[in-house]
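Terminal number for the sequence shown in the numbering used here: 331, no gaps in between.
Rather than coming from a laboratory, the hints here were simulated on the basis of the structure.
Some hints here could point you the wrong way.
Here are the computed distance ranges between Cβ atoms for each label pair [as the list claims (entries may be wrong)]:
1) T116 with L42: 52 to 62 angstroms
2) F278 with F115: 25 to 35 angstroms
3) P150 with A117: 40 to 50 angstroms
4) M249 with F115: 50 to 60 angstroms
Ideal Cβ placement from N, Cα and C applies to all residues, glycine included.
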Amino acid sequence: MESSLERANITRVQHFILLGLSTRLSTRDALFAIFLALYLLTLLENTLIIYLICSHSELHKPMYFFLGNLSGMEMCYVSVTMPTLLAGLWVGHYRVSFTACMTQLFFFITLICTECTLLASMAYDRYVAICRPLHYPLLMRPQVCLGLAVFSWLGGLVVSMIKTACIGSLSYCGPNVLNHFFCDVSPLLNLSCTHVALTELVDFISAIVILWGCLIMTMASYVAIGRAMLRMPSATARHKAFSTCASHLVVVGIFYSVTIFIYARPSRIEAMDLNKVLSVIYTVVTPMCNPVIYCLRNREVQAAFRRTMWWSKG
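Make a model of the complete structure from these sequences and hints.
This is the structure in structure tokens:
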């Protein structure tokens, strides 16, 4: 009876306050200008990648199909987290409603899960291209590529629905200050005034399954690629095979090293200031750098870009 009365007297939090990256007025203006420039540059780079892939027939290949999906995902990704980051730098502590916070969390989880599966799909594409080249047209036909992309996006949606429902169903009746620049899982769990053991378990298991599961599949593909490269008769063939995988390996290394450290561990083992710095890497820096990393050594994309610039000048 007493517990039911206590629950009835609980006032549910209607909004959260995001502390953002910096509370020092002297640095906020400079950081706002920097991150706004990074945001616009990220949108420009990824839009250019999608345009090149769609407008040049020589880029209508599975490798670039997944790269186009990744670029679209990166644009959505940075657009989910960057507005609250910029708002916090512009006005200081930023107030966000409970519904808006859960909405941001839903899209954020969807996109991070989608990126994991897309990176695994791209690794599988490279495995088939190098280890089973004769079967490549069959194994990576358009229907298969479309199926892998749809699975990546739908899988992210399903996982996000489960995790967001668990977190949104918790009671938030005390402090409402999030020491972060967007609504993330761990800061929200720390504010809940009810038992979060089950939600933490769901969050931890899903992080292990998604992050580690996709990473294991990615690494398995590259182990097979490495063994195939060792059997290649010429150094030229080995160099060509390695050059097609190097950029993807760099992106995978950066993405997983940060996300596994943040999410694939119990939420009580944490350092929020460090988490914010690492979150900047994979929500701001990585989406901006990925197009450069993928295209820096890719001659086909570079050639398509030069032709596009030549047409625009002509």
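Range hint compliance [Cβ, F278 to F115, 25 to 35 angstroms]: Between F278 and F115, where Cβ atoms are some 28 angstroms apart, the hint holds.
CB-CB spacing for L42 and T116 relative to the 52 to 62 angstroms hint: Roughly 30 angstroms apart at Cβ, these two residues miss the hinted range, so it is violated.
M249 paired with F115, Cβ distance criterion 50 to 60 angstroms: Distance hint for M249, F115 holds at roughly 57 angstroms.
Assessment of proposed distance window 40 to 50 angstroms (beta carbons of P150, A117): Roughly 49 angstroms apart at Cβ, these two residues keep to the hinted range, so it holds.
Checked against the numbered hints given earlier, this structure breaks only hint 1.
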